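Engineer: Chains A and B supply the protein sequences, listed in that same order. With the UniProt record's numbering applied, the first sequence corresponds to residues 1 to 182, in that order. With the UniProt record's numbering applied, the second sequence corresponds to residues 1 to 225, in that order.
Calculated directly from the structure, the hints in this document are not laboratory data. Honestly, I wouldn't trust all of these hints.
Away from chain B, derived, C-beta distances all over 10 Å, residues of chain A [unchecked claim]:
1) Ala26
2) Thr79
3) Arg89
4) Ala145
5) Glu158
Keeping only pairs whose Cα atoms sit at most 30 Å apart, straight-line, the calculated DSSO-like set for lysine-lysine is [unchecked claim]:
6) B:Lys135 to A:Lys44
7) B:Lys120 to A:Lys167
8) B:Lys135 to A:Lys95
9) B:Lys120 to B:Lys156
10) A:Lys44 to A:Lys66
11) B:Lys156 to B:Lys10
12) A:Lys95 to B:Lys156
13) A:Lys167 to A:Lys66
14) A:Lys167 to B:Lys135
15) B:Lys120 to A:Lys95
16) B:Lys120 to B:Lys135
17) B:Lys135 to B:Lys156
18) B:Lys120 to A:Lys66
Here are some, though not all, of the chain B residues that point toward chain A, as calculated from beta-carbon distances under 8 Å [stated by the list, open to error]:
19) Ile9
20) Ser39
21) Gly55
22) Ala57
23) Leu59
24) Pro63
25) Phe72
26) Val110
27) Ala114
28) Val117
Since we're looking at a predicted model, the values are computed, not measured. Just so it is clear, CB atoms sit at the ideal spot from N, CA and C, and this is done for glycine as well.
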Amino acid sequence: MNERQTSDVRWVQLVERVRSGRDQRAFAELFGHFAPRVKAFLMKSGADASLAEECAQEVMATVWHKAHLFDPERASVATWVFTIARNRRIDALRKQRRPEPEDLPWGPEHEPDQSETIALQQESEQLGRALAALPDNQRMLIERAYFGELSHSEIAAETGLPLGTIKSRIRLALERLRHEMK
Amino acid sequence: MKKTMTTTIKHHLTDDLLMAYAAGNLPEAFSLVVATHVSLCDECRARLMEYEAVGGAVLDDAPECAMAEDSFAATMRLIDGMPADERIETSAMVRHDGNAVFPQPLRDYVGGDAEAVRWKSLGGRIRQAVLPTSKEASVRLLYIPAGMAMPDHGHKGMELTMVLQGAFEDDEGLYARGDVEVANEEMEHTPVAAPGPDCICLVATDAPLKFSGLLPRIAQPFIGI
Numbered sequence: 001m002n003e004r005q006t007s008d009v010r011w012v013q014l015v016e017r018v019r020s021g022r023d024q025r026a027f028a029e030l031f032g033h034f035a036p037r038v039k040a041f042l043m044k045s046g047a048d049a050s051l052a053e054e055c056a057q058e059v060m061a062t063v064w065h066k067a068h069l070f071d072p073e074r075a076s077v078a079t080w081v082f083t084i085a086r087n088r089r090i091d092a093l094r095k096q097r098r099p100e101p102e103d104l105p106w107g108p109e110h111e112p113d114q115s116e117t118i119a120l121q122q123e124s125e126q127l128g129r130a131l132a133a134l135p136d137n138q139r140m141l142i143e144r145a146y147f148g149e150l151s152h153s154e155i156a157a158e159t160g161l162p163l164g165t166i167k168s169r170i171r172l173a174l175e176r177l178r179h180e181m182k
Numbered sequence: 001m002k003k004t005m006t007t008t009i010k011h012h013l014t015d016d017l018l019m020a021y022a023a024g025n026l027p028e029a030f031s032l033v034v035a036t037h038v039s040l041c042d043e044c045r046a047r048l049m050e051y052e053a054v055g056g057a058v059l060d061d062a063p064e065c066a067m068a069e070d071s072f073a074a075t076m077r078l079i080d081g082m083p084a085d086e087r088i089e090t091s092a093m094v095r096h097d098g099n100a101v102f103p104q105p106l107r108d109y110v111g112g113d114a115e116a117v118r119w120k121s122l123g124g125r126i127r128q129a130v131l132p133t134s135k136e137a138s139v140r141l142l143y144i145p146a147g148m149a150m151p152d153h154g155h156k157g158m159e160l161t162m163v164l165q166g167a168f169e170d171d172e173g174l175y176a177r178g179d180v181e182v183a184n185e186e187m188e189h190t191p192v193a194a195p196g197p198d199c200i201c202l203v204a205t206d207a208p209l210k211f212s213g214l215l216p217r218i219a220q221p222f223i224g225i
């Protein structure tokens with residue numbers, strides 16, 4: 001087992017330690033991994049270095065305060081951090097509200113089921129490997145769609161590829177990811 | 001598998017919309033329709049979670065950008081300094097209310113459920129209420145009495161129509177509670193509210209609607225469609 005295969009479960013344990021024990025060492029480890037990635041994400045979305053630094057700190061502070069809302073049966077820690085960073089970007093860079101769906105009736109307080117948690121975290125690791133294994137042009141388009149704050153038509157304008165090609169490549173890449181997950 | 005609501009939703013969101021919402025790249029008006037639909041649709045919720053998982057994988061795989069030297073200490077100070085009320089999550093604690101006509105994200109914009117809407121007449125018993133969002137796109141509630149036709153219209157951009165109460169029918173089919181119609185520029189349609197309860201829809205557009213029938217063009221700037 002390599003580091004990649006065990007890391008997602010490790011992140012879940014660290015968030016659990018932040019939630020239950022306000023554990024600063026666990027938080028420092030999460031910070032070391034995620035804060036620089038969140039900062040890079042915000043800079044690619046158009047924030048300058050100081051705004052990205054400020055927002056990345058706020059995102060990590062949210063991770064601390066909302067650790068009790070993280071549900072390891074529904075998402076990896078990376079996905080949860082991504083949604084917090086995305087919402088911060090919408091608020092700080094786009095100056096918009098973010099309508100969120102109603103939470104499911106069972107809510108986040110139920111006792112997490114260990115086997116469901118592990119299954120979800122393994123799936124997420126598989127997804128990470130599948131993403132890394134995509135051909136460069138497909139992976140680049142997916143990263144652009146999530147990071148560059150570009151619509152498909154803006155990606156088309158920037159890459160010179162027809163919009164239909166962009167859409168079919170993204171679809172192909174996502175189908176490939178789904179296939180890898182099976 | 002946990003399944004909490006049995007849905008009869010037949011018309012779903014497209015992959016493009018779900019991915020753009022997951023990535024945070026949709027105008028607010030469209031995001032409101034997506035959030036409202038996902039609140040009622042387990043299938044689209046599951047697809048949305050997949051797209052968010054892709055976002056997580058992209059973030060995890062991303063290059064790093066070094067944080068400032070005192071960054072961790074600054075973040076701990078930020079944590080200590082946050083007022084107590086900011087520590088309480090609001091949006092993620094949003095609760096399902098089985099009796100409401102409007103799912104919670106829509107209630108947030110209306111300031112209540114269906115009875116709280118401040119309707120304005122469009123003539124012919126058709127009413128609308130424009131909801132406040134960012135300017136790149138607009139979103140409104142439309143109230144169409146059963147059996148009445150919506151004004152004939154085409155689109156310059158994209159239009160999302162989601163049914164909250166009653167149903168409507170057009171060339172594409174029958175749309176009932178929870179269903180979303182995704183219309184593009186090529187489409188010219190005349191939705192008719194089906195018999196039964198009056199139809200309430202949530203409609204988002206990124207360009208003004210072009211009416212070709214009932215409403216004279218000149219009235220458009222005044223009614224805000």
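Engineer: Work down the list of hints and note, for each, if the structure agrees.
Structural biologist: Hint check:
no., hint, result
1, Ala26, "holds, 13 Å"
2, Thr79, "violated, 3 Å"
3, Arg89, "violated, 6 Å"
4, Ala145, "violated, 6 Å"
5, Glu158, "holds, 14 Å"
6, B:Lys135 to A:Lys44, "holds, 24 Å"
7, B:Lys120 to A:Lys167, "violated, 39 Å"
8, B:Lys135 to A:Lys95, "holds, 11 Å"
9, B:Lys120 to B:Lys156, "holds, 24 Å"
10, A:Lys44 to A:Lys66, "holds, 25 Å"
11, B:Lys156 to B:Lys10, "holds, 26 Å"
12, A:Lys95 to B:Lys156, "holds, 26 Å"
13, A:Lys167 to A:Lys66, "violated, 35 Å"
14, A:Lys167 to B:Lys135, "holds, 26 Å"
15, B:Lys120 to A:Lys95, "holds, 28 Å"
16, B:Lys120 to B:Lys135, "holds, 20 Å"
17, B:Lys135 to B:Lys156, "holds, 16 Å"
18, B:Lys120 to A:Lys66, "violated, 41 Å"
19, Ile9, "violated, 14 Å"
20, Ser39, "holds, 4 Å"
21, Gly55, "holds, 4 Å"
22, Ala57, "holds, 5 Å"
23, Leu59, "holds, 4 Å"
24, Pro63, "holds, 5 Å"
25, Phe72, "holds, 6 Å"
26, Val110, "violated, 12 Å"
27, Ala114, "violated, 16 Å"
28, Val117, "violated, 17 Å"
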